[in-house]
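Engineer: Quick mapping for you: the protein sequence lines, in order, are chains Z and D.
When we follow numbering that gives the first Met the number 0, the leftmost residue of the first sequence carries the number 0, and every step to the right adds one.
When we follow numbering that gives the first Met the number 0, the leftmost residue of the second sequence carries the number 0, and every step to the right adds one.
Please keep in mind that the hints were generated in silico from the structure rather than gathered at the bench.
Note that beta-carbon positions come from the ideal geometry of N, C-alpha and C, so glycine has one too.
Honestly, I wouldn't trust all of these hints.
Which residues of chain D face chain Z? A partial, calculated answer using Cβ under 10 Å [claimed, not checked]:
| hint | residue |
| --- | --- |
| 1 | GLY62 |
| 2 | TRP293 |
| 3 | SER333 |
| 4 | SER336 |
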Amino acid sequence: MRRLPGLIGSALLLVVGVAEAQINPIWLRADTAAKSVDFKLVAGLRDLNGGMNFNGFTRGGLLLTVPQGWTVVLQFKNQDQNLPHSVEVIADTSRLPVGPVPPAFDRATTGKLEQGFSAGQGTDVRFLAGKVGSFLIFCAVPGHGGAGMWIRLSISATAAKPTLTTMPER
Amino acid sequence: MSSGTMLIWVGFALVVGTAPSARADGHGSAARRADRAAALRAYESRYANSAKSLTPTYARQTGLACSACHTHFPELTATGRAFKLNGYVFRRSESLEGKTPEGQQSLLLNLVAPVSLMVQTSYTSTRKALPGTQNGVVLLPDQLSIFTGGEITPHVGGFLQITFDPQTGQLGVDNTDFRFATHADILSKHTTLGVSLNNNPTVQDIWNSTPAWGFPYGSSTVAPAPAAATLVDGTLAQQVAGLTGYAMWNDRVYGEAGLYRSAPIGAKRPLDSTAVNVISGTVPYWRLAFPNTWGQNYLSVGTYGMAARVYPTGVAGPTNRFTDVAVDLAYMHSFGSNSFTLDGTWIHEKQSWTAGGAANPTNTLRTFRLDAMYHIGTRYAFTVAPFSTTGTRDSVLYTPGAVTGSRTGSPDNNGVIAEVDVMPWQNLRLQFQYVAYNKFNGSSTNYDGFGRRASDNNTLYILTWLLY
Numbered sequence: 000m001r002r003l004p005g006l007i008g009s010a011l012l013l014v015v016g017v018a019e020a021q022i023n024p025i026w027l028r029a030d031t032a033a034k035s036v037d038f039k040l041v042a043g044l045r046d047l048n049g050g051m052n053f054n055g056f057t058r059g060g061l062l063l064t065v066p067q068g069w070t071v072v073l074q075f076k077n078q079d080q081n082l083p084h085s086v087e088v089i090a091d092t093s094r095l096p097v098g099p100v101p102p103a104f105d106r107a108t109t110g111k112l113e114q115g116f117s118a119g120q121g122t123d124v125r126f127l128a129g130k131v132g133s134f135l136i137f138c139a140v141p142g143h144g145g146a147g148m149w150i151r152l153s154i155s156a157t158a159a160k161p162t163l164t165t166m167p168e169r
Numbered sequence: 000m001s002s003g004t005m006l007i008w009v010g011f012a013l014v015v016g017t018a019p020s021a022r023a024d025g026h027g028s029a030a031r032r033a034d035r036a037a038a039l040r041a042y043e044s045r046y047a048n049s050a051k052s053l054t055p056t057y058a059r060q061t062g063l064a065c066s067a068c069h070t071h072f073p074e075l076t077a078t079g080r081a082f083k084l085n086g087y088v089f090r091r092s093e094s095l096e097g098k099t100p101e102g103q104q105s106l107l108l109n110l111v112a113p114v115s116l117m118v119q120t121s122y123t124s125t126r127k128a129l130p131g132t133q134n135g136v137v138l139l140p141d142q143l144s145i146f147t148g149g150e151i152t153p154h155v156g157g158f159l160q161i162t163f164d165p166q167t168g169q170l171g172v173d174n175t176d177f178r179f180a181t182h183a184d185i186l187s188k189h190t191t192l193g194v195s196l197n198n199n200p201t202v203q204d205i206w207n208s209t210p211a212w213g214f215p216y217g218s219s220t221v222a223p224a225p226a227a228a229t230l231v232d233g234t235l236a237q238q239v240a241g242l243t244g245y246a247m248w249n250d251r252v253y254g255e256a257g258l259y260r261s262a263p264i265g266a267k268r269p270l271d272s273t274a275v276n277v278i279s280g281t282v283p284y285w286r287l288a289f290p291n292t293w294g295q296n297y298l299s300v301g302t303y304g305m306a307a308r309v310y311p312t313g314v315a316g317p318t319n320r321f322t323d324v325a326v327d328l329a330y331m332h333s334f335g336s337n338s339f340t341l342d343g344t345w346i347h348e349k350q351s352w353t354a355g356g357a358a359n360p361t362n363t364l365r366t367f368r369l370d371a372m373y374h375i376g377t378r379y380a381f382t383v384a385p386f387s388t389t390g391t392r393d394s395v396l397y398t399p400g401a402v403t404g405s406r407t408g409s410p411d412n413n414g415v416i417a418e419v420d421v422m423p424w425q426n427l428r429l430q431f432q433y434v435a436y437n438k439f440n441g442s443s444t445n446y447d448g449f450g451r452r453a454s455d456n457n458t459l460y461i462l463t464w465l466l467y
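Based on the provided sequences and hints, a complete structural model is requested.
Structural biologist: Laid out in structure tokens, this is it:
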């Protein structure tokens, strides 16, 4: 009987830690000659935030930096088994919208913004990074972006090539 | 009640925070359930008894606001449909995880108690008072429900509603849906597979175009309601238990099939010669839907139905047969933060009265409903909803009787519902509903044989609906 509490204790473990997200180099592929960058953007890559993450990052924890004038191709795919997701690039704001808003660049959306893409579905988002500034890559399915499903995009006048870096979450 | 008194009451109701008529499905009271059972021959109307609900239990589990899953509860968004389809298991709240000594997960409990409460308070006024009664009925509460559910294991979740009916003083099991869901690739496409155990055909459906979660979401339980209703249109709610299997393939094709068997709540078991309206064997249920999204549009068209053989009394002998075939559509168009939704269904029922109980050997009953709703953000919604029922005249099924009867023996009714909803908070709704009848139980004038007009039943229904 004395062993029973120990067995129960070992059987009931409270999970308190979450594995650290890491950048995978294959996510980013740049063509300097063509001034084009492909970014594999995966919704629900991990279980973090109930699957509401891009490439395992939430709340601005990942920053994609692109030189101004380059063509950006977001190769979006939803791997979240539970929820639909979509993508649009919006202006940086501290007051995150509830759902879709006009994109910051022409054609910088996946479409189906409210309904989203279900598991296994995806599409490419291609747009010209024509203006310098800070932007958000944002899930526009209502409630998802506000729940933290967004990462950062910076269009830089000085960067020589695209980069991916981690950032403190907001 | 004067308009001033009414305004005071509405203000009071707002402060107290209650709402509509209730039933998170309108099937709350035992008396009403008994009426429903008796009504396999004809009676019951969703317009009289509809009250549907959702639960903040899921908001607490998912960490998402109500508006992530509902345009206007209980109408579901894409996220809401996915959450239900996948077994109510999506979770962002903290959980207690248990593992075996071998490291295998054996327990996953939500640290937030999966319980929420719904309180509804209402005011009902008909154009002409029911004979011998006081018009202007205030119900406080109109309905009181406790919800529980959500994730039970990583693939199993549920929805359970316990409802208190203040008119009978009884507490009972209301809508119930427990399900298992998993995923697979079929023909190289993502497929969600699941099984639902539920007590109301269509309560497991993920669209708001089918009866259990269709409009109106809250309606008066004290106003007169048209007599006739088809079997799949709420008549079997809480009278059966069913097991259905479903699959959503590539988010484009949904199929479901299952069986229901009599399991009336509050009846003595096993069912015997004293029972009424018991199903012979099981009732097959089927559902097929084809959702699609383009631009800012979402459309699902589908069909559903069931076929039942029912003993009028007891559990043996001849049966009456009811076969329901229905089509439905659910449409949504987004205008930024605003949206327009359209839900509708048409149900055709063929009735064969082999065991008696009707004047004709066979009858038909057809119900049509459509609701067009414009949502302004999450705060306002405006709805227009025409409805119509037509069917075979039958002097035994639809007999004359004050208020609820039919002079002509006809089940026909039609009219329109206009509704304005104000939601100062996502979990608090003020509902202003007016139901106008053009025809009621077969006629526009003297429909009951006692001089009552259909328009005398026009109903103003004001509701406060609080969920927390």
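Engineer: Does each hint fit the structure? Answer for all of them.
Structural biologist: Evaluated hints:
Interface restraint check for GLY62/D: the shortest CB-CB distance to chain Z comes to about 6 Å, inside 10 Å, so the restraint holds. The restraint placing TRP293/D at the interface with chain Z holds, with a minimum CB-CB distance near 8 Å, inside the 10 Å limit. Because the beta carbon of SER333/D sits about 5 Å from the nearest beta carbon in chain Z, less than 10 Å, this interface hint is met. Here the hint on SER336/D is kept, as its CB sits about 6 Å from the closest CB of chain Z, short of 10 Å.
Going through the hint list in order, the structure satisfies each hint without exception.
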